[in-house]
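Those protein sequences? They're chains A and B, same order as listed. Be aware that the first sequence starts at 0, since it is given in numbering that gives the first Met the number 0, and climbs by one per residue. Be aware that the second sequence starts at 0, since it is given in numbering that gives the first Met the number 0, and climbs by one per residue.
The hints are simulated quantities; they were obtained by calculation from the structure and are not laboratory data. Possibly wrong hints are sitting among the right ones.
What the hints assert, rightly or not - A partial selection of chain B residues facing chain A, derived with a Cβ cut-off under 10 Å:
hint	residue
1	D45
2	I114
3	E150
4	A151
In this text, all values refer to a predicted model and were calculated from it rather than measured experimentally. All C-beta atoms in this analysis are idealised placements derived from N, C-alpha and C, irrespective of residue type, glycine included.
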Amino acid sequence: MRAADGTIHEMALKSSEAVVLRTYPLREADLLVTLFTRAEGKVRGVAKSAKRSRKRFGGALEPLTCVRAYWQDRAGNELARLDSCDVLLSPLASAMDYARAVALAHVAEMLDELLPDREPNDSVFRLAWGVLQALDFPAAAGTGAPEKSSEIWIPVTYFDLWTMRLLGYLPSLEECIECGEPLAGKPAYFHALRDGLVCATHRRIASSEMTVESRALAAEMFRNPVNHFSPERLPTSRLADLRKFLMQIIHRHLDRTLQTSAQLEKLD
Amino acid sequence: MSKFAEPMARLIDELKKLPGVGSKSAQRYAFHILRASDEDAALLADAIREIKQALRLCSVCNNITDVDPCVYCSSPTRNQRVVCVVEEPTNIAALEKGHNYSGGYHVLHGTLSPIHGIGPEHLRIANLVARVEQHAVDEVILATNPTVEGEATAVYLARLLKSSGVRLTRIATGIPAGSDIEYADEVTLQRAMEGRREM
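In isolation and in its complexed conformation, chain A is listed as follows (with noise of 0.2 Å):
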């Protein structure tokens, strides 16, 4: 950056442990990338030459990947120059199955909707960097293993729930928001319109109901990591309540449905 004495000043090369959460293409050889960085929150910056060289930065532009990224601030522009990046954990060390493609691009697209630019969140990255872990499961390996989509169920829902959580959108699950009646043990109920649950007299028409089961395992969520859940605790509803209650408050808030929720709700 040359300054108004003639001198030149280098911005500083930045570092932080960051996910790949999108790549777009860019001019002829160049992507755009945004980065979820512990240090900076979301990041966006463009990766020179990344489309025709694969010399500089190899998989680690892949989404979902887990990285050491280096960057440079550029002043009087938004994107950040990217210099390099060293992969930590990648989606594609063990066998990518389209329902774990779903679930790892759902992740993607909540990141990169529900997270402001240049703001960091700590608390969220460490969310999305232990889901990721969880979602990398290398028994699924092989094409002739069957397709394992029970096993993204519970990190997918876990990831939803606190997310929800930690940027403060989640309503309480264990009362009646319009009379404040403890709903525990009891059925609840959940509508496109309302932000919470509701017992059985404050029900309107067209609502849905979250199980016991499904709550219950929400407090449980809260309580512990995700590698604490293994598949052979998924409920038979696999929690697609808990969900559908979770992306109708995100639909809500962004006032628009996301892409990956019409794919999850296929596999489901």
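For this one, chain A is given, so just place chain B on it according to the hints.
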């Protein structure tokens, strides 16, 4: 009021829709076309019109062609019992450059891309399944890109076709010829080691 006469402004607007073409480039192309001879401008217009009128998808492999079936599917010198599955028609040209493959092709016209809302129903898979089920194929080579989306597509197709008993293979991944191990990333090196062969 527009800076240019209406026909010029319209051409610039149309050219701006092309990938990688911004306002400045569109203006440059438009003025180049204006200065070109009537014959050259007519040839360009005819070429654009013809590409939309004459080209269609091959009914066998979905490649873009002006004759159906396409040159690859109708060639008697190619082994039609081996089918190489690729993402886009442009991949065929890349594979043909190698001069070491003489089987047929199948073009998916995309990959599974959950973040863009593209699921299996959006890809051209049905006629591949039909070819395999009619026992017209001995081997299916899955040549989608080694990216997250390409891998997910290859695994999806492999599972879909597994029960038919057809031989399913995946193109190899690893260190590119003429490159340096020092520049290879961790995943490429891992795959290169996994895919090593006896010498």
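Each hint, compared with the structure:
1. D45: This hint is violated: D45(B) lies away from chain A, its Cβ roughly 28 Å from the closest one there, beyond 10 Å.
2. I114: With Cβ-Cβ at 4 Å, under 10 Å, it holds.
3. E150: holds (4 Å)
4. A151: At about 4 Å, which falls below the 10 Å cut-off, the nearest Cβ of chain A leaves the hint on A151(B) intact, so it holds.
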